[in-house]
Amino acid sequence: MATTVLRPAITYRTGLYEWLTTTDHKKIGILYTFNSLIMFLVGGLFALAVRAELAQPGLQFMSEATYNQMFTMHASVMIFWVVIPFLAGFGNYLVPLMIGAPDMAFPRINALSFWLLPLSALIALLGFPLGGAAAEGWTSYSPLAESAFSKGPGTDLWIVALTLVGTSSILGAINFLVTIFKMRAPGMTLFRMPIFVWTMLVTSVLVLMGTPVLTSALIMLYIDRNLGGSFFNTALGGNAILWQNVFWFYSHPAVYIMILPAMGIVSEVLPTFSRKPLFGYKAFIFATAGIGALGFSVWAHHMFTTGTVYLPFFSLMTFLIAVPTGVKMFNWVATMFRGKLRFTTAMLFAVGFLMLFLIGGINGAVLAAVPVDYHVHATYFIVAHIHYVLFGGSMMGVFAGLYYWWPKMFGRKLNETLGKIHFVGIFIGVNLTFFPMHLLGLSGMPRRIADYSATAGWNDLNLLATIGGFTIAVAMLPFLWNIFITLRSGEPAGDDPWEGNTLEWATSSPPPPYNFDHLPPIRSERPVFDLRHAKDVPALPAGH
Amino acid sequence: MATNSTALTTPVAGQGVSRAHGQRGISNPILGMILFITSEVMFFAGLFAAYFNVRLNATQWPPLVNETPFAPFQIHHEILLPAILTMVLVLSSVTMQMGVWAIRRGDRTGFLRNTGITLVLGLIFLIGQIYDYTQLGFGITDTAFGSTFYTLTGFHGAHVLGGAIMLSVVLYRGMAGQFSAKHHDAVEATSIYWHFVDVVWIALFSTLYLL
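Protein chains in written order, with my numbering: chain A, 360 to 903; chain B, -19 to 191.
Just so you know, these hints were derived from the structure itself, not from any lab. Just so we're clear, the structure is a prediction, and the values are computed from it rather than from any experiment. Keep in mind that a hint or two might mislead.
[Claimed, not checked] Using 20 Å as the maximum straight-line C-alpha spacing, the simulated EDC-like pairs for lysine to aspartate or glutamate come out as follows:
1) A:LYS779 x A:GLU850
2) A:LYS386 x A:ASP854
3) A:LYS541 x B:GLU47
4) A:LYS541 x B:ASP165
5) A:LYS699 x A:ASP855
[Said to hold, decoys possible] A few chain A positions that, by computed beta-carbon distances, are all more than 10 Å from chain B:
6) MET421
7) ILE482
8) LYS541
9) LEU549
10) LEU670
11) HIS736
12) VAL783
Quick reminder that beta carbons are idealized off the backbone N, C-alpha and C, glycines included.
Construct the complete structure from the given sequences, taking the supplied hints into account.
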């Protein structure tokens, strides 16, 4: 090859047309991010409706039927159109950059994966103007979800929308796996990949193996509702529990799909702002793979009270998940130990993740104990647990990632002062909202109810949770303002504002199309660190 | 885009020219197809799980309708047509593979002939299955037996149709001369998919008719 650098002939398309037709993984990643952010606001409004209704006993703002739609669509939107695509968006933006690739393996399929998301979100939300959205909870249990009990098009639209989201996820997972296995730069061996790439790899395997099973479950439900099938109709030889088995076979691994990439983000942020390598790089990878593998053998812990599952097995496997998760917790703490800590907003969110996810993990282990689960099944304790994992865990990771990689994505730093206000508000709001739910659950308050007795002793805690919910909403305002002013006139970031370790910091901010003109030599999992400190250490002998 | 990827990574001290992007081992489209088939296996696993769950929970199989035996459910008594269709599909897998071997040698005529035969056999299977549906005497609404039978065979049929569409594209591109001994990823990927559809049918036939 000659000394000239070949550049692909790019005819620049402008503005909106470029964004609608792009196959650049970075632009698609940004589209994922903004779509998820918009859906986060939509799902957040549903959550506020739920909290407003529960602030005091009695029905104040909406009918029970509307309330059912609110909590169902809140969960569906947050899971399928916020957390999963937010993290997939980071994956889209970062995986090719981190492994030194010019793009994803299948750029056009990548664009398809994205565009299925707004389309499916519209289909799911179309239920509201068409006589009511899905209202049987995001778990959509039979027989409640059968046509005899859930009339109207809302549930059918929900089924179609989730099938499309699933297709988007599966295509994305195939894309990530081929990209990671086939497109790594020379020297980027598997055990030199950034932890975030590893978490995306394991997540993609979970999506590839789990999501099609959800698709099969949704199709069975669709056939039952619309073609007169009887998969879940016990009277005609079907089995209502079958739904729970096929549904949770996906939806439990889905929890790991929603947390592993967030763990990956935290594992990039903590070392950078501790100025230390991640403690136990390989142990962390094996722990990630362990969580992924164990994830497929624990689905029935959602079904302890059905009486149809072998309790000791599923209880034991669920407890075992705590082992690799604990390994990771010690990895993170040991990474910070004696580090030179810099408490930027990204670091604050990462540390917040450690604290809140620890609570979510411990109360999860509590739920793995069958007798406890019998007591608190389908109470607010479960709601507390899932929100400490998905908000305290996944969303804190997402925010950490946004503050950390925003300078790379747009070339401008988000304002740190506004960021810290955002963090404090979110941290207080999350605890204020979700901690009281533990106590509500232990004292027997069932989830998915619009009203409760004024004498049950739940009034104060519910009011507290509602105040917390609105605190989160208010805390989002400085964040949105921050995005707005940063896009207009943020502080220029430079290529490597945080002194990062991984390859995305070796290119410009934002990176050019196809990412790299030059790649630094990749001799460890921290090639940019090596490059920065190349003069500080004696050269390695050849062959290393 | 593959050429761009090599061109953009320029040599850096201590490293050779990175020509290796996507060049070693299995190609990107074929790996993508194998992963896609993995997800398809899990999709059918979900449907099979439903079938076995329903069947193991039934007191009797085939189940009774209105507490009396229902003659159309005795599908293993009318096994001749499905057995012939099974043969057709297995044969089509053989011709598919012969087509792949032909294009690997660079024998375009043999490749086109075998791909064409595969497509015809696939269509014969589909027509045969539609005819079989009209003869069965029960429908998707007839208890969980009907639901599982038509869902499993129906989704398999849809996959055969998908495979037939892929074969048509391969045939069209082949006739346009787009494949050679070196460049025929689409043929390889389609053949893997076609074999997968065949294997699913063998599992389905064994489960629904023989087990």
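Status of each hint after checking the structure:
1. A:LYS779 x A:GLU850: Judged against 20 Å, a Cα distance of about 16 Å means the pair holds.
2. A:LYS386 x A:ASP854: Status holds; Cα separation ~18 Å.
3. A:LYS541 x B:GLU47: 58 Å, violated
4. A:LYS541 x B:ASP165: 15 Å, holds
5. A:LYS699 x A:ASP855: 18 Å, holds
6. MET421: Per Cβ check, A:MET421 is outside 10 Å of chain B; nearest 36 Å; holds.
7. ILE482: 21 Å, holds
8. LYS541: 5 Å, violated
9. LEU549: 14 Å, holds
10. LEU670: 19 Å, holds
11. HIS736: 22 Å, holds
12. VAL783: 42 Å, holds
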